[in-house]
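There are 2 protein chains.
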Amino acid sequence: MAMKLYDLAGAKDDHRFSPYCWRVRMALAHKSLEVETLPWRFTEKEAIAFSGQDKVPVLVDGEKSVHDSWDIAEYLDETYPQKPLFDSAQARGQGMLVKQWVETQVNPVIGRIILVDLFGMIHDKDKAYFKESREKRFGMALEALCADRPAQIEALDRALVPLRNTLKIQPYIAGAAPNYADYIVFGSLQWARTSAPVEVLPDEDDPVRAWRDRLLDMYDGLARDAWMPEAA
Amino acid sequence: MAMKLYDLAGAKDDHRFSPYCWRVRMALAHKSLEVETLPWRFTEKEAIAFSGQDKVPVLVDGEKSVHDSWDIAEYLDETYPQKPLFDSAQARGQGMLVKQWVETQVNPVIGRIILVDLFGMIHDKDKAYFKESREKRFGMALEALCADRPAQIEALDRALVPLRNTLKIQPYIAGAAPNYADYIVFGSLQWARTSAPVEVLPDEDDPVRAWRDRLLDMYDGLARDAWMPEAA
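Chains as they are written, first to last, in the working numbering: chain A, 1 to 232; chain B, 1 to 232.
Hints may be right or wrong, so weigh each one.
Since the list gives no way to pick one copy over another, a pair counts as held whenever it fits inside one copy or between any two copies.
To be verified - Cross-link-like lysine-lysine pairs, in silico, BS3-like; alpha carbons within 25 Å at most:
#1 168 - 55
#2 136 - 168
#3 131 - 83
Since the hints were made in silico from the structure, they are not lab data.
Generate coordinates for the entire structure from the input sequences, incorporating the hints supplied.
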């Protein structure tokens, strides 16, 4: 029986934008594991109450449920050891630094570029929660957050320098082929791509963009085929 | 026969401050490999001309010489596979992102804190080279570089957030025990420690400081016993 993944959705059922859920979807595809994704909105707390907490991704595998994208990746490597998401204890350890780097140095910058657009596309019932939680996280009004998009795109360009330099030397963060560290970073760029009709990597010669393209094409174009907003 | 390492030195032979050389010294100790370090100054290009380039670290292992700290780590894992510096291909791949993160997001901040002090301790014959190369790299006069040390120490505190968050979860970057990724980052903090009589991690409760302490104590206190300047 296919696993089930509670996957954050916008007003449209097929608008899937969560960076954390995208990590898990790429991880499942990496291992050639089938999954049925269930659209879930921020305020549908009762639908995932069985997981003992109130955030997605939540993966249901038969009788077992696992939440938190990092814990899901560990669960998948333990339960389905083929094609590891981390091929060693050290790689898994170092993966935590990649996660912390993305979540503290990259995601806040991307958030400032896209959150106003994303706000327009989430379900009406989620809007009050989203506005309040994001304004609290960033310490300012949503509109102020995204006031200077060109400057924020330049800030993202700077934030990605360590990744860019790495990709000048090797095709993936994990070396010759991607692992979960790649999906952690990719999830954030897929979040941007599915949240606002703006190219956050405007330089066509950027090695980060070429790497994103390779990941978009993987697994029969799983991420490339995702619904994304078009410029008005 | 013990290996030899050309190791950057200040005016005093036993003042060893290069972050790249410290990476290699920790890597050699990690593998319990003996090494004789040879003090070398920036302008002693002819002494290492045999390596085909003009920078240290240069490791000489019998007939073989290897330069560049990353290449030395790879050489050591290939030649002396015991206690790997990276225990898998993915860990090595991800190590490159750690290296790029340190060199672009951390080292420039530490440089601004310490370079004026370090300038006072390098060999007289190196001073013209050092001043010119560092002023070119940072785009300003050495004195201007280090004008506001408290602000730079706060900037370092922010730059280290991904590492700090990681070390709240696990004792080393590589997980339960250190690997070369830890030594890459540690080398930069040892560079700070051996270059200026200033505590760049002033918060005694900082998990980064506890991690640094653990690494200072390793290998019979190899790094802790290094010569360091005292406050005047």
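Now for the hints, and whether the structure bears them out:
For the identical chains of this complex, residue 168 and residue 55 are inter-copy neighbours only, at 22 Å across copies versus 36 Å inside a copy, given an alpha-carbon limit of 25 Å. Taking the shortest alpha-carbon separations for residue 136 and residue 168, only the inter-copy value of 24 Å comes in at or below 25 Å, while the best intra-copy value is 37 Å. Neither within a single protomer nor between protomers do residue 131 and residue 83 lie at most 25 Å apart by alpha-carbon distance, with minima of 39 Å and 50 Å respectively.
In summary, the structure is inconsistent with hint 3 from the numbered list given earlier, while agreeing with all the others.
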